[in-house]
Amino acid sequence: MKNTTISDAFGKRRADIQAIWTKQLTSAAGSAKGRLSSTELEQQARQFLELFHPAVQSNQLDDINGSEWLEVRAFLEDLSRRRVLAGFSSDETALFIFSLKRVLFDILKDESAGDAMQMADHFWQMNVLLDKLGLHTVKSYQRTREEVINRQQHELLELSTPVVKLWDGILALPMIGTLDSARTQVVMESLLQKIVETESQIAIIDITGVPTVDTLVAQHLIKTVTALRLMGADCIISGVRPQIAQTIVHLGVDLHGVTTKANLADALALALKRSGIAFTKK
Amino acid sequence: MTAMTTLHSSGELPLKTERDIVLGRQTVRRLSQEQGFSLVDQTKIVTAASELARNALIYGGGGVLIWEVLLDGIKRGLRLTFKDEGPGIPNLELALTDGWTSGHGLGLGLSGARRLVNEFELDSAVGQGTRVTVTRWK
Ligand SMILES: Nc1ncnc2c1ncn2[C@@H]1O[C@H](COP(=O)(O)OP(=O)(O)OP(=O)(O)O)[C@@H](O)[C@H]1O
Ligand SMILES: [Mg+2]
Numbered sequence: 001m002k003n004t005t006i007s008d009a010f011g012k013r014r015a016d017i018q019a020i021w022t023k024q025l026t027s028a029a030g031s032a033k034g035r036l037s038s039t040e041l042e043q044q045a046r047q048f049l050e051l052f053h054p055a056v057q058s059n060q061l062d063d064i065n066g067s068e069w070l071e072v073r074a075f076l077e078d079l080s081r082r083r084v085l086a087g088f089s090s091d092e093t094a095l096f097i098f099s100l101k102r103v104l105f106d107i108l109k110d111e112s113a114g115d116a117m118q119m120a121d122h123f124w125q126m127n128v129l130l131d132k133l134g135l136h137t138v139k140s141y142q143r144t145r146e147e148v149i150n151r152q153q154h155e156l157l158e159l160s161t162p163v164v165k166l167w168d169g170i171l172a173l174p175m176i177g178t179l180d181s182a183r184t185q186v187v188m189e190s191l192l193q194k195i196v197e198t199e200s201q202i203a204i205i206d207i208t209g210v211p212t213v214d215t216l217v218a219q220h221l222i223k224t225v226t227a228l229r230l231m232g233a234d235c236i237i238s239g240v241r242p243q244i245a246q247t248i249v250h251l252g253v254d255l256h257g258v259t260t261k262a263n264l265a266d267a268l269a270l271a272l273k274r275s276g277i278a279f280t281k282k
Numbered sequence: 001m002t003a004m005t006t007l008h009s010s011g012e013l014p015l016k017t018e019r020d021i022v023l024g025r026q027t028v029r030r031l032s033q034e035q036g037f038s039l040v041d042q043t044k045i046v047t048a049a050s051e052l053a054r055n056a057l058i059y060g061g062g063g064v065l066i067w068e069v070l071l072d073g074i075k076r077g078l079r080l081t082f083k084d085e086g087p088g089i090p091n092l093e094l095a096l097t098d099g100w101t102s103g104h105g106l107g108l109g110l111s112g113a114r115r116l117v118n119e120f121e122l123d124s125a126v127g128q129g130t131r132v133t134v135t136r137w138k
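So the sequence lines, in the order shown, correspond to chains A and B.
If you're matching positions, the first sequence starts at 1 in the working numbering and goes up one per residue.
If you're matching positions, the second sequence starts at 1 in the working numbering and goes up one per residue.
There may be inaccurate statements among the hints.
Computed, partial: chain B to chain A, Cβ under 8 Å [what the hints assert, rightly or not]:
{"no.": "1", "residue": "L39"}
{"no.": "2", "residue": "V46"}
{"no.": "3", "residue": "T47"}
{"no.": "4", "residue": "S50"}
{"no.": "5", "residue": "L106"}
{"no.": "6", "residue": "G112"}
{"no.": "7", "residue": "R115"}
Result set (DMTMM-like, lysine to aspartate or glutamate): computed pairs, CA atoms no more than 20 Å apart in a straight line [as the list claims (entries may be wrong)]:
{"no.": "8", "chain 1": "A", "residue 1": "K223", "chain 2": "B", "residue 2": "D98"}
{"no.": "9", "chain 1": "B", "residue 1": "K16", "chain 2": "A", "residue 2": "E146"}
{"no.": "10", "chain 1": "A", "residue 1": "K165", "chain 2": "A", "residue 2": "D234"}
{"no.": "11", "chain 1": "A", "residue 1": "K165", "chain 2": "A", "residue 2": "E199"}
Simulated from the structure, these hints should not be mistaken for lab results.
On a predicted model such as this, the values are computed, not experimentally measured, just so you know.
We treat Cβ as the ideally placed atom computed from N, Cα and C, and that holds for glycine.
The whole structure should be built from the sequences, with the hints applied where relevant.
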């Protein structure tokens, strides 16, 4: 039986491949903390081989970007996505493809009938193919993972910027931590929105929790204040500690006539006064 | 450095991401605290570091921060060098002008940083990179 093609060998031994591979996968899954049942793994192996088989038959083994491999690629993308969400590492995910190497090499060896040249050739082709599919899997894994992280960061941003109502017509925005551009954007939007919703006239931005006020933070503050003014609201910045005030002056930043206060209590007292609210001691 | 000045300790940090800038600021704050800098002096050197680190990242395409703790008699100082291999600054005088920016900033980072430290040195070569060294003494 000379000159068997990879496709022939695959077709002939398909049942064996599936059985051995499933066994490998389930034993490897044991070490991957058994997050997938052996039924699930068996099913994934079968589904993959169902798509892999026709793609191999197309004899387009050196380019997985073509339409012959479309379904295989889609399957691997879906698998990666599920595994990210199930908490698998990228290594564990890539193992799905890489564990197929050993299985296919053994089968190709069996089927080469002692023809060393042919065997080497088939090994090489299969090796390159599985590496490409493995890489595709890892890339899909990373893409999904980034999406998940981005979403979590966004959720975190929103959580860490509460707008609180201090009094009728007076809102406060306590800022905490590093004010990078993404965060300031979220802060600004939620503040402007709340101003409209609550029909407030005064906003107090409290920067007590911001450790460093550099030109970037200052620029963000100026933009926020400008937007507030355009909406007809007034703004007070509180939490400007003496060392921060000094540094702002040395930097040469002009806060565009914004009133600043050392602490939130002073800012609130001023806001109340501006709103015409007075307190007396009994 | 005068003949009296000795190096006490030093280290290097990458400036490749926004996160590195935050870490850089934290390191400078810790070092200035360890040297017993007053709160105002701590804030000044940390803010200068924030400006120069961000310039190295944004305009220089990333770089490194080298810190050195200096002893000079009873004086203690913190020297920070920001180095990048970016496009360099074609006109130093312009770059150091208050309010001049080639991007969308306030144009106050470089000139402001100079006012926040005791010693300021700016070296830049077009096509080769930029190095800014600042020192704040206690
Ligand atoms: N490391 C650098 N490499 C190349 N160009 C630089 C570098 N640092 C500063 N510059 C140039 O000098 C200009 C002025 O810098 P400066 O830090 O004063 O202002 P800015 O960064 O534009 O705004 P900001 O006030 O937010 O710092 C920059 O706009 C940029 O063109
Ligand atoms: Mg700058």
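* To do: Of all the hints given earlier, name the ones this structure violates by number, lowest first.
  => none
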